[in-house]
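Please work from the sequences and hints to get the whole structure.
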Amino acid sequence: MMDFKNAAALGACLAKDYAQDFFELLVNYQDISASEAASRLGLHIRTAQDYLEALAAFGIVEQRQVTEKKRPYYRYALKTRRITMDLDLNQVRLKRTAGDLARKIREKPNSGTRFSLGRSGDHISQVAYWTGEGRERAEHRVSLTDPQGRFLYHLPFPNAEPLSIADVMRKAGVEARLAPEILDVIEILVRHEAIETEPAE
Amino acid sequence: MYTIRKLKPERSYGMILLPIGALAVMAAVGAFFGLAAAFITGGGLFLLYAAYSFLTYLRTRNPGFVVVSLFQFSASLMGFSGPAGMAQRPYPPQLFFAACMAFFAAWMILLAVTKRIKWRGREILELAAASVEHTQNGFTARPLPVGRTDFTERQILEFAGFARRHLIAVTYVSKDRVVFVPMREGREPPFILGLKADFMGVTWVSFDFDGNVSANVAQREYFEYREALSFDKLCASLGNLFIEFAETFRRGEGVRVIDRLDAVGYSFLS
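Residue numbers (the numbering used here), protein chains in the order written: chain B, 1 to 201; chain D, 1 to 270.
It is possible that part of the hints are untrue.
To be verified - Dumping the calculated SDA-like pairs for lysine to any residue here, alpha-carbon to alpha-carbon at most 20 Å:
{"hint": "1", "chain 1": "B", "residue 1": "K171", "chain 2": "D", "residue 2": "S237"}
{"hint": "2", "chain 1": "B", "residue 1": "K16", "chain 2": "B", "residue 2": "I45"}
{"hint": "3", "chain 1": "B", "residue 1": "K108", "chain 2": "D", "residue 2": "P63"}
No wet-lab data here; the hints were simulated from the structure.
Laid out in C-alpha cells, this is it:
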C-alpha cells in the first residue's frame, strides 16, 4: 500500500505529456538508455534521465549500468507490465480522539473574523479572516459546506457560555458522522483565533 | 416613575427640521431671485416631501402618512399659488389651500404627538435590553438562532403587515422567511426610497416559514447602549420580544403591542 506522498508522485509521473510515449518505448524495447529515449521522443536528455530514474525509484523499471568505450551509463528495462496504485484514504482522515467532541467552544471576542450569512438566513456560508501584517496582510475566505455552515450558525457568541462541540452539533441538527468536517473547520478557526476552546470537564 | 434608560439619549428633529429647511431655502432664493421664485421653490420642495410621505404610506400602509402627505401637498399648492396671490388679493384658491394646510397640519401634529407616525426602533431596542445585564463586550456580527415557533406562513405575513403599519419594523419578505428590521426615527429614508435592498449591517429579526426565529443586533445599534450588554442575551431578548409581539397580535390583541411600546415613554421626537 502506498502512502499519499508516493501516490501523488506516481500520479504526477503518469500525468506527464510524454508519459504514454515513454511507456510505449519501454514496452516495445528490450531496454533503453536515457539518450536513446530522449532522441526518440524529442526530449532533453536530462528530462528523460529524470523520468527513467523516477520510474526506477517506483520499481517500474530496472536500472542496469553498462560500460561502452570506458564510459559507464545506465540502461533501463521495464520490470512490470502492470502498475497498480493502492491508496488507503483513511490515512488522511482526521485523527479524532474521544475528547474532541467534548471540547467546549465559543466565538472569540474581537477576532475580526467575518461570518457571511447564507441566502436562506439559517446558516453561515463563508468565513473570512486576515493573516499577515502590513503589505503581506491578506484576506482568506473559507466557503463552508452546509453542515459546517449550520454548525457555525449555532456557535456560542463571545462571552456566552461555551458549549461542547457535540452540543452545538445537536443544536444545529448536524449528524454525528459529519464530525470530521466540523472538526476540520473548527481547527482552521482555532488556528486563526476566531474560536476559543476549553478542554472538556 | 423614573425609568433608567439603557440607550443613549437621541433626538430626531427631522420632522421639524424639514419644514424649517424648506423655509430657509425659500428665504435664500427670495433674497436672490425675488418672492415669486421663493414661493415656487417652496412649492417644489413641499411637493417632493409630499411624494416621499406618500411613498412611505405605500411602503408601510400607515394611513398617518397620507395625512402628512396631504399637509405637504397643501403647502406645496400654497407655494405654487404664491405669485398669483401676490398679484391678486385675496386670491380665493390660496385661501382654500391655506385652510387645507392648517387642517392637515393640526391633524398631523395630533398624529405625531400620539406617536402614530413615529418609527418605534428605539422603543424596541429599549424593551429588548430591559432584562439584559451588563457584561464585557461580546459583540459578533453573527445572528443568534432564538428558537422555534408554530406560526404559519399566513400568520407571519399578517404580523409583518401589522409591524409595517404601526412602524415597528420595515419588512423584507422572501419566499421562505420574513425579516423585520426595527427602524429608528430618521433612519428610514434609505429603506423607504428603496436604496437599501438588503438588511446587511442592520438589526433584524427573522421568522422563517418553518418556524425558526433568528435575531441579529448590528454593531451600530449595540454601541447605542450606554454600557456593554451581554450580547447573546440581547439578541435572544430581541428575538423573544418579536415572538411575544407576534403571539399578542395572533390573539387579536395588537393594540397591547402598541400600548407596550408607548409605555416605554419615549417622546415623539426620539
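A quick look at each hint next to the structure:
1. B:K171 / D:S237: 19 Å, holds
2. B:K16 / B:I45: Within the cut-off at roughly 16 Å; holds.
3. B:K108 / D:P63: 47 Å, violated
Violated hint for the displayed structure: number 3, the only one.
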